[in-house]
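Number of protein chains: 2
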Amino acid sequence: MAKRAFPLSKVYGLLEPGPVVLLTTARSGKANIMTMSWHTMMEFEPPLVGCVVSNRNFSFEALKATRQCVINIPAVDLAHKVVGCGNSSGRRVDKFKSFGLTPLPASSVEAPLIDECHANLECRVVDTRMVNRYNLFVLGVVKAWVDPTRKDARTLHHRGWGAFMVAGETIKLPSTMR
Amino acid sequence: MAKRAFPLSKVYGLLEPGPVVLLTTARSGKANIMTMSWHTMMEFEPPLVGCVVSNRNFSFEALKATRQCVINIPAVDLAHKVVGCGNSSGRRVDKFKSFGLTPLPASSVEAPLIDECHANLECRVVDTRMVNRYNLFVLGVVKAWVDPTRKDARTLHHRGWGAFMVAGETIKLPSTMR
Chain G
1 MAKRAFPLSK VYGLLEPGPV VLLTTARSGK ANIMTMSWHT MMEFEPPLVG CVVSNRNFSF
61 EALKATRQCV INIPAVDLAH KVVGCGNSSG RRVDKFKSFG LTPLPASSVE APLIDECHAN
121 LECRVVDTRM VNRYNLFVLG VVKAWVDPTR KDARTLHHRG WGAFMVAGET IKLPSTMR
Chain D
179 MAKRAFPLSK VYGLLEPGPV VLLTTARSGK ANIMTMSWHT MMEFEPPLVG CVVSNRNFSF
239 EALKATRQCV INIPAVDLAH KVVGCGNSSG RRVDKFKSFG LTPLPASSVE APLIDECHAN
299 LECRVVDTRM VNRYNLFVLG VVKAWVDPTR KDARTLHHRG WGAFMVAGET IKLPSTMR
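Chains as they are written, first to last, in this note's numbering: chain G, 1 to 178; chain D, 179 to 356.
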């Protein structure tokens, strides 16, 4: 499905609910995928995202060296692929091939978009000062894409040890909170 | 309902799905509540939580000065109170009274637990080095409480401007991810 550019000012609405995401990196022509849940918005616009990528993960060195990545947001239809990516390491496996995911070129970074995800956020690392102590990278989202036909995609939310909460209904309340 | 102590090693499973939380602080005998969604786990055990508290919020100075708070997790039954806390400021309002929430003494910090929330995490600020630049506090969870009868409480997940996703069903997948 063709994705459309999505306003950077609205990116927080995709990540603030806390979905499991698939982080893609690319280094020396080799792309990888990491399943990740430890992320938070840090600024609305330009959007900043803090995320913890363990230095035990294969993606850590690629992220640190290239300072580029893509945050891809999967929905429940990709649950088994999300778990597959989390259960394996890019040191041993080409996860795109192993799990039947399609890499697409990004517009601003070397890391690929995952076609099957309904939203893709191209990011650059903007601060590494918390990496040594906490493995916390601060990312700036530089370009966002969404599939306009899947605005109500049901995201996955990790509860630990194989338990995933699937996004339920959305309710509207008289909130003035951005 | 009487809460029970909850193992610190399992705290990440409460926050990793990305719920809206109510942050309580207390300063000079005055307690306050702040609605918050910008948080992430940073370490499993002892549990570390990164959270962004804007310096425009009344809670900011209390958190910075006292270095203590409680992360309270509300479910959908408290949705209107959550929005009320988000729409108002502790500078002008006693939110416990205004929204009919019950403060209970915590065991290790001065900030109160919110009785109506199904989980409460007593926290101490352990790192303020990212506060000046990002308003990011690193919290260490020192004591956790849950209502054992409400393990499947349906949390709220903020999508922006009054839209809240309500936690849906939990599925089990063959994941080895902690």
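Honestly, the hints are just simulated from the structure, not real lab data.
It is possible that some hints are incorrect.
Here are the in silico distance ranges between beta carbons for each label pair [to be verified]:
1) G:Ser89 x D:Lys275: 19 to 29 Å
2) G:Leu104 x D:Phe222: 46 to 56 Å
3) D:Arg234 x G:Pro7: 44 to 54 Å
Per the computed footprint, the stretches of chain D lying under chain G, defined by three or more beta-carbons under 8 Å from a beta-carbon of chain G, are [said to hold, decoys possible]:
4) 185 to 194
5) 200 to 212
6) 235 to 249
7) 252 to 266
Below, a list of computed lysine-lysine pairs in the BS3-like style, where the Cα atoms sit at most 27 Å apart [claimed, not checked]:
8) G:Lys151 x D:Lys350
9) G:Lys172 x D:Lys275
10) D:Lys275 x D:Lys321
This one's a predicted model, so the numbers in the text were calculated from it and none came from an experiment.
Cβ atoms here follow ideal geometry from the backbone N, Cα and C, with glycine treated the same way.
Verification of the supplied hints:
| no. | hint | result |
| --- | --- | --- |
| 1 | G:Ser89 x D:Lys275: 19 to 29 Å | violated (53 Å) |
| 2 | G:Leu104 x D:Phe222: 46 to 56 Å | violated (34 Å) |
| 3 | D:Arg234 x G:Pro7: 44 to 54 Å | violated (23 Å) |
| 4 | 185 to 194 | holds (count 4) |
| 5 | 200 to 212 | violated (count 0) |
| 6 | 235 to 249 | violated (count 0) |
| 7 | 252 to 266 | holds (count 6) |
| 8 | G:Lys151 x D:Lys350 | holds (25 Å) |
| 9 | G:Lys172 x D:Lys275 | holds (24 Å) |
| 10 | D:Lys275 x D:Lys321 | holds (26 Å) |
When each numbered hint is compared with the structure, violations occur for hints 1, 2, 3, 5, 6.
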